[in-house]
Each structure stands twice: as C-alpha cells, then as structure tokens.
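Chains W and R, in that order, are what the protein sequence lines are. Count the first sequence with this note's numbering and you get residues 35 to 366, in order. Count the second sequence with this note's numbering and you get residues 35 to 366, in order.
Think of the hints as simulated: they come from the structure by calculation, not from any bench. Careful: at least some of the hints might be erroneous.
When chains are identical, the list treats them as one kind, so a pair holds in a single copy or across two.
Below, in silico cross-link-like pairs of lysine to any residue (SDA-like), each with a Cα-Cα straight-line distance of 20 angstroms or less [what the hints assert, rightly or not]: (1) Lys-157 - Met-355; (2) Lys-232 - Gln-145; (3) Lys-327 - Ile-264; (4) Lys-232 - Asp-79; (5) Lys-67 - Ala-362; (6) Lys-216 - Gln-63.
For reference, the chains in residue letters:
Protein chains: 2
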Amino acid sequence: MPNSAAILTIGNAIVDVIAQASDDFVTEQGMMKNAMNLIDAERADQLYQAIGPATESSGGSAANTAAGIAFLGGNAGFIGKVGEDILGRIFRHDIEAIGVDLHVAIDAQLQTACSYILVTPDKKRTMNTYLGASIELRPEDMNPAAIAAADIVYIEGYLYDAPAGPACWDKIVDIAKAAGTKIAISLSDEWCVDRHRKAMVDFITQHTDIVLCNLDEVKLLFQTDKENAIQQLRQMVAEAAITDGPHGSLAFAGDDIAETDADLDVQVLDTTGAGDLYASGYLYARHKGASLKDAISLARLTASEVISHIGARPQTDLREMASQQFPALFKD
Amino acid sequence: MPNSAAILTIGNAIVDVIAQASDDFVTEQGMMKNAMNLIDAERADQLYQAIGPATESSGGSAANTAAGIAFLGGNAGFIGKVGEDILGRIFRHDIEAIGVDLHVAIDAQLQTACSYILVTPDKKRTMNTYLGASIELRPEDMNPAAIAAADIVYIEGYLYDAPAGPACWDKIVDIAKAAGTKIAISLSDEWCVDRHRKAMVDFITQHTDIVLCNLDEVKLLFQTDKENAIQQLRQMVAEAAITDGPHGSLAFAGDDIAETDADLDVQVLDTTGAGDLYASGYLYARHKGASLKDAISLARLTASEVISHIGARPQTDLREMASQQFPALFKD
Numbered sequence: 035m036p037n038s039a040a041i042l043t044i045g046n047a048i049v050d051v052i053a054q055a056s057d058d059f060v061t062e063q064g065m066m067k068n069a070m071n072l073i074d075a076e077r078a079d080q081l082y083q084a085i086g087p088a089t090e091s092s093g094g095s096a097a098n099t100a101a102g103i104a105f106l107g108g109n110a111g112f113i114g115k116v117g118e119d120i121l122g123r124i125f126r127h128d129i130e131a132i133g134v135d136l137h138v139a140i141d142a143q144l145q146t147a148c149s150y151i152l153v154t155p156d157k158k159r160t161m162n163t164y165l166g167a168s169i170e171l172r173p174e175d176m177n178p179a180a181i182a183a184a185d186i187v188y189i190e191g192y193l194y195d196a197p198a199g200p201a202c203w204d205k206i207v208d209i210a211k212a213a214g215t216k217i218a219i220s221l222s223d224e225w226c227v228d229r230h231r232k233a234m235v236d237f238i239t240q241h242t243d244i245v246l247c248n249l250d251e252v253k254l255l256f257q258t259d260k261e262n263a264i265q266q267l268r269q270m271v272a273e274a275a276i277t278d279g280p281h282g283s284l285a286f287a288g289d290d291i292a293e294t295d296a297d298l299d300v301q302v303l304d305t306t307g308a309g310d311l312y313a314s315g316y317l318y319a320r321h322k323g324a325s326l327k328d329a330i331s332l333a334r335l336t337a338s339e340v341i342s343h344i345g346a347r348p349q350t351d352l353r354e355m356a357s358q359q360f361p362a363l364f365k366d
Numbered sequence: 035m036p037n038s039a040a041i042l043t044i045g046n047a048i049v050d051v052i053a054q055a056s057d058d059f060v061t062e063q064g065m066m067k068n069a070m071n072l073i074d075a076e077r078a079d080q081l082y083q084a085i086g087p088a089t090e091s092s093g094g095s096a097a098n099t100a101a102g103i104a105f106l107g108g109n110a111g112f113i114g115k116v117g118e119d120i121l122g123r124i125f126r127h128d129i130e131a132i133g134v135d136l137h138v139a140i141d142a143q144l145q146t147a148c149s150y151i152l153v154t155p156d157k158k159r160t161m162n163t164y165l166g167a168s169i170e171l172r173p174e175d176m177n178p179a180a181i182a183a184a185d186i187v188y189i190e191g192y193l194y195d196a197p198a199g200p201a202c203w204d205k206i207v208d209i210a211k212a213a214g215t216k217i218a219i220s221l222s223d224e225w226c227v228d229r230h231r232k233a234m235v236d237f238i239t240q241h242t243d244i245v246l247c248n249l250d251e252v253k254l255l256f257q258t259d260k261e262n263a264i265q266q267l268r269q270m271v272a273e274a275a276i277t278d279g280p281h282g283s284l285a286f287a288g289d290d291i292a293e294t295d296a297d298l299d300v301q302v303l304d305t306t307g308a309g310d311l312y313a314s315g316y317l318y319a320r321h322k323g324a325s326l327k328d329a330i331s332l333a334r335l336t337a338s339e340v341i342s343h344i345g346a347r348p349q350t351d352l353r354e355m356a357s358q359q360f361p362a363l364f365k366d
C-alpha cells in the first residue's frame, strides 16, 4: 500500500443494488430514466419491495474511477463516508481489496448509501440513490495530507448535493492550490448540472484544471448546442474530455484536440459506470504523460470493459488488457 | 402468490460473496478446491480481509433450485432460516421478488449465512461457507402445511450438516409420506457425501423417490466406478438424474434411461449454481409430465444459462428461452 495516492478521488461511497426492470416499471414508479434520482430512506424501502431480484456490488462514481485507476496499476486514493453497517463493510472491503488508498470516514449514527439501479432492456440504467452517510461528508473529512500529496484530485459533481458540499469544495481548493495539486471534476449527470449550474460554472472558471463530462451535460451547462458548448468550455478551462455514448468522445488540452469513435464491437450489458471508467483511463493516461489521442483511446478501452458486464467495477485484468495496446503507459 | 408451492425446496439460506482468485490463493489458504468448505465466524472475517473485490447475490443450493423453477414459471417454495440483518433482508427480498413462496424463519440472535465463493481462472468455484443462522434449522421450521401441500419436496444434502438436521429429515418424511408428497434429494457435494454416506444411503433406500447428483458424488457414495455406481443407485431408487460436467448428464426412471451431452457452445464464466439450476429444469419438467429425455434437455438449458454469467441465479428470461424449445411444457 503506497503512503499517498497520485490520483485522489472524492465522492459518494455507495453500494449498488442492481436489478433488471421494464420500461413500464421505471415509468410507473415516476423515475427519471437514465438519470440518478435522489430518494429518502422511506422511498428506498418501498422501492426495494417493488424491484426484482438484485445483485449487490460496490459503486459510487468517483470510487469507481479510483477502482479503475488501481485496476490499471495506477496509484489511486478515495475520500468518502460510510455507516458502521454491513454495506459499509462491503464498500470498504471492495475498494481496499483493489488496492485503492482509502480515506473513508465512518459514522456509526448513519446508514451507508445505496443506489437501486434498474437496468432496462435497452441496457440503460436508472439510478435511485439513498445518500445516507455519504451526503454527510464534511470539510473535516477532506484529508489534507492526502489531497496535498496527490498529483490530481478528482471530485464528482454530486458532492454539491451534500449540505456541507460547498464547504468541502472550498477546503479542497485551499489545500490543492497550496500544494500544487491539479483539480479535476466530473459534471456527474444532467440533473446534477441543472441543480448546481452556477456553482459549477464558477468552479470550473476559477479552480478547475480538467473537466470530465458527457456532451448532454456540457450542452445543459451552457444551454446551447454542441459546437457552442464545447467552444465555451474551451474558453473556460484548459483541458476537458467529453464523451458522447455510442458516438465516441473528444478531448482538448489548450489548442490540441483529439477524437475517437466508440467501440461498437463490445456487447453492451449494462452502461453503469461507463463514464466513471472512461475517467479512469483518461486520468491514468494523462498522469503518465500520454498524448490526448492515447488518453481517449485508453479511456474508450476501460469504458468498454465495464459496459460488457453487469456492475460498475472492472471484472477482467484491465492492466493486462490495456498494456498490450498501450505498452508505453505500463512500463514501471 | 400461490397458497402452496408444487415443488418445495429445503436448505441453507445463503448470500454468496463472489470474488475472483488465483489457484495459488486457493492453495495457500488451505481450501479444498471446487468444494464447499465449512468455516466459522472468525475464519469468515479473516477470509473476507484476504479476498479481492466481490459481488454479493443470494444463493444457497436448494434456494437456487426454487428460484430457477420460479423463473421457468413453475410454482416453487423454499424453507430456510436467516438472521434479522441486511444479508437476511437481501436473501428474503431476492427469493420473494422471483415469486418463490417463502417459508423462512428469522432468528434475531443469529447472523445470516454467507458463502465466500472464489472463482479461479479455470471458472471453477471454491466455496467457503459460514452457515450462521442457516445451520440452526430445526424440526419446528419444517412447515407441515407447505410440505403436505407440495407435490415434490426437494431437500439438499447439506441439511445433514445441521445439528438438528436428522430430526428435520425425519419430520419431513413423516409429513410427506402422510400427504403423498414425493421426496427428492440432492447429494450436494463429494465432501458432504463423505461426511454423511451411511445416512444418505439409508435415506435414499428407505424414503427417496428422486435423486439429483453428479457422477463424482455417486461414485463416492458407493466407492466404486461409474458403471457400478449407477447400477447400485438404480437398485436403490426409482429415479435419478446424474450430471457429469462437460460430459453431459444421464437420468433413469425405472427401466427408462436418457442421456444428453453438455452444451459446449456456452461460454463458461462461473459454474456456481450449475447443478442447482440443472435440478430446476429437471424437476420442473418431470412435474409437468415430461419424458426423461425432455427433462434432461431442459435441465441442460437451465444449467447453461447460469454458467454463462457470474452468480448462481438466472439473469435472463428463462421461461421465454425454454418455452421456445419446449413449448409443450409451457402452455398454461
């Protein structure tokens, strides 16, 4: 176990409860399809009664990204919060077993977050998240030594949903700026962007080095079309990678631009975690000094692995797979 | 939900914790590979520390069989015991959500059973089971109305491992005989056969209508070769279905014999639950009046589904898949 992680991610510590469901079920239950719906404890209980048989596995957007980086052989850490319960134990076990440097606060008064993820026949996922302990992340949970020691700190946009979220963002910025740690953020999802648009625009403009997002999110952020949205993002931040589902992805860093198509040969079983694992590949590669083109190519590969099975964490030897295509990035 | 189940299964209520592991790890940890190893609470904790990231899903041999029958559209029930904890809640949710008629006793003093299942690169599984609440099954948990109302009661051999197991078997026999309920049993695994050989031989001879097993188990039961073992089993019980992994399976009922090869086209990802789902297909078909040949063909199909993914419960619409090949068995 390393003393410090090169890439430290911060976000919700969630155990995913994944079940298959029909489109009708998602509609009848009043969920926003293909989005993350926030639910309370009572609704979580009701929903669990209503869904079909499920599989549990550790998830959480930024945690998935850290797991993906560790699977690639990278040096990753994670900051989050869980309860002192079986789900919290499962979460901590899984992320530690992958080799992620864990900075998870435990609050015995709270329940570990869980997300009821419904996979519809079109292989899209609709998430219903009970944030529990996770939403109680506070500035004092933002480990200063871990943030200062990291080369990149990667924060999920969902952190804005926590009551103490803004204070957390402020503390991360203070530590990161003082230590020279780069700041990367994800926009998480369209509804998260909708909830926190102004705060996100300000944060990107003032503090962010790298943005990870999808095209719908960036269009919504600037409430404009693709070309204008990307143009505005380029004026605001030095570097970003933007995914567009089956249409591929693009990235820019200053004047440099790279694009790639999606891997359409992969049999899509469950898109849960696709964006998170894209971020793993992208951040791992850029941290190793890869070109934009190589970074989005590795990102495409890591995203493809996770959509080929149920669940948001890799199930194959990512490093083995990736090192054959990108030997220069896996030399140590 | 039906008032009574046509096929009632009885056994351990277990949540599976499935992780990938190397052959070296299995050896170093002193496990019997490809078998079910019984462990205590302390060993369970140690082992969980040592294994890689995992996925949790409901399991248990007889419970898997009941789930498979319900997935086929059959009328199945299950008797078992869990604790009043998150794993117990997960177990009860999953089996009820599939539509299995649930007769699960809850003991707040006990922990729900879990099995750490290590899948090695050869896709074999090595189970390490902490029986917890499950091993505390007692005669009073054997629901007389459910057993009497069933057409077939299917008991897993592992029930002999419970301290009150023999008393449970006696009570099941008393109720089943009085009600005309057929008795089917599984031999569970070789080590279970080894632990309880004499009791199993006596029970098969005196009380059993149908035996479900694999070839290694029946060879060990009679400590002889394939031909002699099958011959001895035929003299002892009217009907049996015997699987032989990639070599296929055979069944007999009186003078009738049928054989089938294995489905070698399926890409094997995890053999957990293969025998349990074979039993689902076989019992469902025979209960519907199918020929031996059709029964082992359906059994081959249901077993193939479950080995094509991680976890012991079906992930596709088994009834839809099976009804195309065997329309006569899915008419109602």
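So, going through the hints one by one against the coordinates:
| no. | hint | result |
| --- | --- | --- |
| 1 | Lys-157 - Met-355 | between (24 angstroms within a copy, 19 angstroms between copies) |
| 2 | Lys-232 - Gln-145 | neither (31 angstroms within a copy, 48 angstroms between copies) |
| 3 | Lys-327 - Ile-264 | within (18 angstroms within a copy, 63 angstroms between copies) |
| 4 | Lys-232 - Asp-79 | neither (33 angstroms within a copy, 47 angstroms between copies) |
| 5 | Lys-67 - Ala-362 | neither (40 angstroms within a copy, 38 angstroms between copies) |
| 6 | Lys-216 - Gln-63 | neither (41 angstroms within a copy, 42 angstroms between copies) |
Hints 2, 4, 5 and 6, counting from the list given before, are not met by this structure.
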